[in-house]
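Asks: So the chains spell out like this:
There are 2 protein chains.
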Amino acid sequence: MIRQFLTQIRMLKNWRKNLKQDGTRVLVYDGKQKYVTWPDPPPKDDIASVARYVMHISEFGSLATNSTHKGIEGYPFVNIFSVSDGPFNKSTGTPYFYFTPLELSVIDMKANNKVSLTVTEAQSDFCSKKGFDPEDPRCSHAIFTGVMEKIEKDTEEEEFARNALFSRHVEMSSWPSNHDWFFGKIKIQHIYLLDFFGGAQVVDVEEYFAANPFESKKKD
Amino acid sequence: MIRQFLTQIRMLKNWRKNLKQDGTRVLVYDGKQKYVTWPDPPPKDDIASVARYVMHISEFGSLATNSTHKGIEGYPFVNIFSVSDGPFNKSTGTPYFYFTPLELSVIDMKANNKVSLTVTEAQSDFCSKKGFDPEDPRCSHAIFTGVMEKIEKDTEEEEFARNALFSRHVEMSSWPSNHDWFFGKIKIQHIYLLDFFGGAQVVDVEEYFAANPFESKKKD
Chain P
1 MIRQFLTQIR MLKNWRKNLK QDGTRVLVYD GKQKYVTWPD PPPKDDIASV
51 ARYVMHISEF GSLATNSTHK GIEGYPFVNI FSVSDGPFNK STGTPYFYFT
101 PLELSVIDMK ANNKVSLTVT EAQSDFCSKK GFDPEDPRCS HAIFTGVMEK
151 IEKDTEEEEF ARNALFSRHV EMSSWPSNHD WFFGKIKIQH IYLLDFFGGA
201 QVVDVEEYFA ANPFESKKKD
Chain X
1 MIRQFLTQIR MLKNWRKNLK QDGTRVLVYD GKQKYVTWPD PPPKDDIASV
51 ARYVMHISEF GSLATNSTHK GIEGYPFVNI FSVSDGPFNK STGTPYFYFT
101 PLELSVIDMK ANNKVSLTVT EAQSDFCSKK GFDPEDPRCS HAIFTGVMEK
151 IEKDTEEEEF ARNALFSRHV EMSSWPSNHD WFFGKIKIQH IYLLDFFGGA
201 QVVDVEEYFA ANPFESKKKD
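Residue numbers (the UniProt record's numbering), protein chains in the order written: chain P, 1 to 220; chain X, 1 to 220.
Just to be clear, a hint being listed does not mean it is correct.
Note: identical chains are not told apart, hence a pair may lie in one copy or across any two.
To be verified - Once the Cα atoms are required to be at most 25 Å apart in a straight line, the calculated SDA-like pairs of lysine to any residue come out as:
id	residue 1	residue 2
1	LYS34	GLY198
2	LYS114	VAL147
3	LYS130	ILE151
4	LYS44	ARG138
5	LYS153	GLU206
6	LYS70	TYR208
7	LYS110	ASP40
8	LYS110	PRO137
9	LYS130	VAL170
10	LYS110	THR68
11	LYS70	ALA200
12	LYS70	LYS187
13	LYS34	GLN189
14	LYS70	PHE197
15	LYS114	GLU158
16	LYS44	SER174
Hints were generated in silico from the structure; no laboratory data involved.
Okay, chain P solo, but in the shape it has when bound (with noise of 0.2 Å):
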């Protein structure tokens, strides 16, 4: 008790700390403090492109699993989890995670690691303001399917992830140490992109990985 009181106590100072007033989320980099508005995304037909946008700038995904637990067992199960696939100004395309094998979807991936991953643009205010329904086509969203990996101590894949994720999700380097944290990424095998009428499309996993998230060939 005493602990997870102590805890709180430091995720208190740290988030006040870093907060703007208009609940910007802070994304810190290099050591320095930077507040950082995207892009607009690129055209809705460059879909390798759009999927790389949608998984960069989103702060958290919903990941599923095959359940493992008490009274659902074989059922899907689906968890939230922050998420990061670089710093702001480095996008790599490959989901990464801070796991501790105390947490239940955890549990579930060292009986069965395969996952599915969802981002979506809802998660921001960018499809209210625009008027976009979360479930509107529009309001883009990308899938991605595939295996969970845990990342090497020491290594130098750690230490970017590390880095991809502390800086933007700020109090993760005060949670509790005593929890056997590690890094874990998505190897991806298959990807979904949503983001227009006429149903999902599949996007090339190698030209997703070869596309950039901000500068697109295509024009809109």
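Place chain X on chain P using the hints.
Replies: Chain X only, in chain P's frame:
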């Protein structure tokens, strides 16, 4: 193509008409438009009421199914849907959906109707305004697991579901009529709530349905 274009024009007119300058969504009720600001959440230790609250205020949720789609058969699959458990002044606790048989997850559910739904306070600006990271446990989210059921046509329940959804998702009534839309609901079998430090808590399903999202028996 012409039909898509006409649909787009209709939707465009629809949202322009209903948009407030600050991007607040319009909730229509009894034919009159109302702009609603939700009351504060119930006390954290009243987990049944908090779960009802997060469900009721949510505009969309992440729905997980067991995939039947090419290349990802048997993988968990998560997708975004607009949701409503009732019009703004009547919460039932049951999540209702508006589906077309053409949709990816709907095709999955035809083969296997086991599903999981997550709704989170992170989807509004509630958490970012408080300075809570989306994965911060105080940014409450609820995970419902159960089976999806189709609602029979021309029943009282269908009328309720239609009003629940259309009153809070104003553009739904203009969605293309040739898509064989129908209503669905989750028969909830299991509920997890994450709303504070210390891990997820199981919410008793009966207590959940007996609770009130806006009137707690407990004091904060």
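Asks: Evaluate each hint against the coordinates.
Replies: Hints versus structure:
1. LYS34 x GLY198: Answer is neither: 38 Å inside a copy and 31 Å across each miss the 25 Å cutoff.
2. LYS114 x VAL147: Answer is both: 4 Å inside a copy and 21 Å across each meet the 25 Å cutoff.
3. LYS130 x ILE151: neither (38 Å within a copy, 31 Å between copies)
4. LYS44 x ARG138: For LYS44 and ARG138, only the intra-copy Cα distance (9 Å) is at most 25 Å; the inter-copy one is 35 Å.
5. LYS153 x GLU206: neither (27 Å within a copy, 44 Å between copies)
6. LYS70 x TYR208: between (38 Å within a copy, 19 Å between copies)
7. LYS110 x ASP40: neither (38 Å within a copy, 37 Å between copies)
8. LYS110 x PRO137: Close across copies (22 Å), not inside one copy (34 Å); limit 25 Å.
9. LYS130 x VAL170: Classified as between; 14 Å across copies, 28 Å inside a copy.
10. LYS110 x THR68: both (10 Å within a copy, 23 Å between copies)
11. LYS70 x ALA200: between (34 Å within a copy, 13 Å between copies)
12. LYS70 x LYS187: between (28 Å within a copy, 18 Å between copies)
13. LYS34 x GLN189: Answer is neither; intra-copy 33 Å and inter-copy 44 Å both fail.
14. LYS70 x PHE197: between (40 Å within a copy, 22 Å between copies)
15. LYS114 x GLU158: This pair counts as within: shortest intra-copy Cα distance 21 Å, inter-copy 36 Å.
16. LYS44 x SER174: Between copies only: 22 Å across chains, 39 Å inside a chain, cut-off 25 Å.
In this structure, the hints that do not hold are numbers 1, 3, 5, 7 and 13, in rising order.
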